[in-house]
Structures are given as C-alpha cells and as structure tokens.
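Student: Quick note, the sequences are listed as chains G and B, same order.
Take 1 as the starting number for the first sequence in this note's numbering and just add one per residue.
Take 1 as the starting number for the second sequence in this note's numbering and just add one per residue.
Please keep in mind that the hints were generated in silico from the structure rather than gathered at the bench.
Just to be clear, a hint being listed does not mean it is correct.
What the hints assert, rightly or not - A few chain B residues facing chain G, derived, Cβ under 10 Å: (1) K23; (2) K26; (3) V27; (4) L35; (5) Q38; (6) M100; (7) C106; (8) S133; (9) R156; (10) Y157.
As the list claims (entries may be wrong) - Derived list of chain B stretches under chain G, where covered just means 3 residues or more per stretch with a C-beta under 8 Å from a C-beta of chain G: (11) 60-72; (12) 115-129.
Keep in mind that this is a model prediction, so the values were computed, not measured.
Glycine included, C-beta positions come from ideal geometry on N, C-alpha and C.
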Amino acid sequence: MPKKVETIVLHDSSTPVIGDMEKGGNVVVTSLEYLLAQARANSLWPLTFGLACCAIEMMSTVASRFDLARFGSEAFRATPRQADVMIIAGRLSKKMAPVLRQIYDQMPEPKWVISMGACASSGGVYNNYAIVQGADQVVPVDVYVPGCPPSPDALIYGILKLQEKVKRHKATTFGELRLAEAFNPRGLEEVDV
Amino acid sequence: MGLNKEVIKPILAGFGITARRLKHKKVTVSYPEQLREQYPRTRWRHFLARYENGLEKCIGCSLCAGACPARCIYVEAAENTDEARFSPGERYATRYEINMIRCIFCGYCQEACPTGAIVLRKNFELADYKRESFVYTKEMLLEKYPGESDEPYVGRYQKKDKKEPAGSTKP
Ligand code: SF4
Ligand code: SF4
Ligand code: SF4
C-alpha cells in the first residue's frame, strides 16, 4: 500500500505544474521530487534581463560584496535555454513586453520570475503611455521586490523568498527530514502545503 | 626560452596575484546571517509615529500624498471629536494607505509632513509573493518600529523563529 505523503508544488503561476502529482503517490518518486526541489532551489540560475537602473544593483549582487554565489545563483545566463529564474530588473516598456514574453516562453520548465524594483512590479513613478504598469501583465511573477532600486540585500531577500517557494515540501519521513536538514543549514521552517 | 618563458612564468605570476589577494581583507557580507551596516540616511519601510501619550501624530492633511512623485499614498481624513480622539489636532486620518510596490522610497513624504508623522526606517526585507499584500494599511504602518532609527535593523533571519513580517503572504 502506498504511503501517504504530501507532494511538492513547484509553481503556482499560470504555466503548467510539473511536480503536481496526485496525493498518495509513490514514496520513492516523491522523495526524488523532494530532492529535485532542493537541488533546484539551491542552484537557481538567473537570466540576464537588465532593463534599466535596477540592473546595476543586480550586477552588484553578483559582485564580491554580496556574492550571490553563496546561494548557487552566480551563473547569470545570457540565453533563456539555460536559465531557471528571470529577474526583471528595470522598467518594462510596451515595446519590450513582447520580447520579455518570448524570452519567458523560451525558458525551460520549471521557471520562476522575480520582478525587481518599483518599475518592473507596478510601473513606479512612470505612470505614462510607454511603460507597462507591472510586469505581471505579461508574465506570471513569483516574487516582487520593492525598492528603487532594491539594494543587493533586498534582492537577496527576494531570492531567499523564492527559494522558500521552490522548496515548499513537507518532509514526512525520517529520511526526508534528515535530508531537508542537510540541505538547509539555516534551519528548517514550518510551511503550509 | 620557450616553455619556461611562455608557460611556467605566466602561471607563477598568476598564482602570485592569487596569493597576494589571499591576504586582503574579506569584503563579503554574509547577508542572511549578518547585516551590513546601513547608512544613517537609508530609507526603506514607512512607519506612522505616535506621541508619547499614544495619540497619532498624523493629522490627515494629505501633504504627503501631494508631495509623493509616485502617487502611492492615499489619505482619507475625518474630524476628531471629544469622544473619539485619535490625534491632538482637529482632524485625523481614517484611512492611510501606501502602495509599497509603487513607492520609490524617495522620502518626500517624510519631508512634507508638518508633524513628523510618517518616517522611513531601515526595514528593507519587504519582498513578497502577492501583489495585493503590498498595500500597507494604517494599522500596519502604525506598528511599532523594532528599534529606534539609530539602532541597527534586525533582519528576519537574525530572529530565532525567522518569522515573516506582519502582512506577508504564503507562497
Ligand atoms: S525601480 Fe528605480 S532603479 Fe529600478 S528601474 Fe525603476 S527607476 Fe530605475
Ligand atoms: S517615499 Fe516617496 S514615493 Fe514613497 S510614499 Fe513617500 S513620497 Fe511617495
Ligand atoms: S503623514 Fe503627515 S503629511 Fe501625511 S497626512 Fe499625515 S500629517 Fe499629513
């Protein structure tokens, strides 16, 4: 008889969910999914998508003072095919919006989006004819980071929030709990699945 | 010539630079465990201040909303009465909302406020999952600031329980 375990939800945006299995699935497979989620969360490769001034802070997040490599996210990819998370850094003009959507569609599943800064998240001070009032009109956004620009530590906080989202999985067996502890040196957190 | 000059020497020179850099001071701030020192004029999350006797400083004059370049403050004012007194003046704000995701943290609202009611402090951990959760209501803004402005901000990951700030949503 298969043991009842919670499954992970990798994505709650409009794109199809890959790890969304029926409850009460195979223990081996769910453990594998769990491992995959941990691995994914600790190696989120961002896509280089700097659109405006926020990109400067995104660059300095990777530099030695804040060092995004501590979270496995130092590999900024210039091609959507090799990226997991798109950091929309800067104001999104209406001309750029179709390009953003195309690049998002080219990214392989599972994929996530961080909207960095006031402009990308809501238009910010640019409430005018040229700027999309929030990138979530074009792509599903997982984490919003407010600020103009968000300082590198604020962006890292956003990335940590995204990691929490990717890792959402309740460890149900003893082995899974030990694994979860091994992958989370900062301590485990109770999550609602 | 040859091998020695073109291969071994440059490699040794390169490792020499690495060895010299090893002695330099480390610049990395390991952020979630420790916070860097914030500059004195750092501006992040807003707070609405109170007087010592508990009355709100805000008098609902909307000057902050007028000064805001992003138009992200909404104020609705009403008259104080002797039975229901919220602020020392004639009027108080019944509704006070800031759209944090549109705010650019310029601090003009703080400059414009005649009573020093709205202040920007150093809580920078504001990222969240849902767009709706960024409209900070008066109750959220009246929350007591953890530590005064000259004290360092204590981040979420320094706290023992790692509890999320009030108003944050689940993924
Ligand atoms: S939020 Fe501020 S820093 Fe970021 S792109 Fe907009 S104007 Fe530039
Ligand atoms: S800091 Fe600037 S943008 Fe933000 S609410 Fe105040 S005036 Fe508006
Ligand atoms: S915060 Fe200050 S400027 Fe804004 S409505 Fe209240 S008293 Fe007026």
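Student: Could you run down the list of hints and mark each one as holding or not?
Tutor: Consistency of the hints with the structure:
1. At about 15 Å, the closest approach between the beta carbon of K23(B) and any beta carbon in chain G exceeds 10 Å, and the interface hint on this residue is violated.
2. The beta carbon of K26(B) comes within 9 Å of a beta carbon in chain G, closer than 10 Å, and the hint placing it at the interface holds.
3. For V27(B), the interface hint holds, the least distance from its beta-carbon to any beta-carbon of chain G being 5 Å, beneath 10 Å.
4. For L35(B), the interface hint holds, since its Cβ comes within 10 Å of a Cβ in chain G; the closest pair sits about 7 Å apart.
5. At its closest, the beta carbon of Q38(B) sits 9 Å from a beta carbon of chain G; the interface hint therefore holds under the 10 Å criterion.
6. For M100(B), the suggested interface contact is upheld, since its CB lies about 5 Å from the closest CB of chain G, less than 10 Å.
7. The beta carbon of C106(B) is positioned within 10 Å of a beta carbon in chain G (closest approach about 8 Å), and the interface hint is therefore held.
8. For the restraint placing S133(B) at the interface with chain G, the shortest Cβ-Cβ distance is roughly 9 Å, inside the 10 Å limit, so the hint holds.
9. For the restraint placing R156(B) at the interface with chain G, the shortest Cβ-Cβ distance is roughly 8 Å, inside the 10 Å limit, so the hint holds.
10. Proximity of Y157(B) to chain G holds as hinted, the smallest CB-CB distance being about 7 Å (cut-off 10 Å).
11. A stretch counts as covered by a chain when three or more of its residues have a beta carbon under 8 Å from one of that chain; for the segment 60-72 of chain B and chain G the count is 3, and the coverage holds.
12. For the segment 115-129 of chain B, the stated coverage by chain G is satisfied: 6 residues place a CB nearer than 8 Å to a CB of that chain, which reaches the threshold of 3.
Consistency note: the structure conflicts with earlier hint 1 alone.
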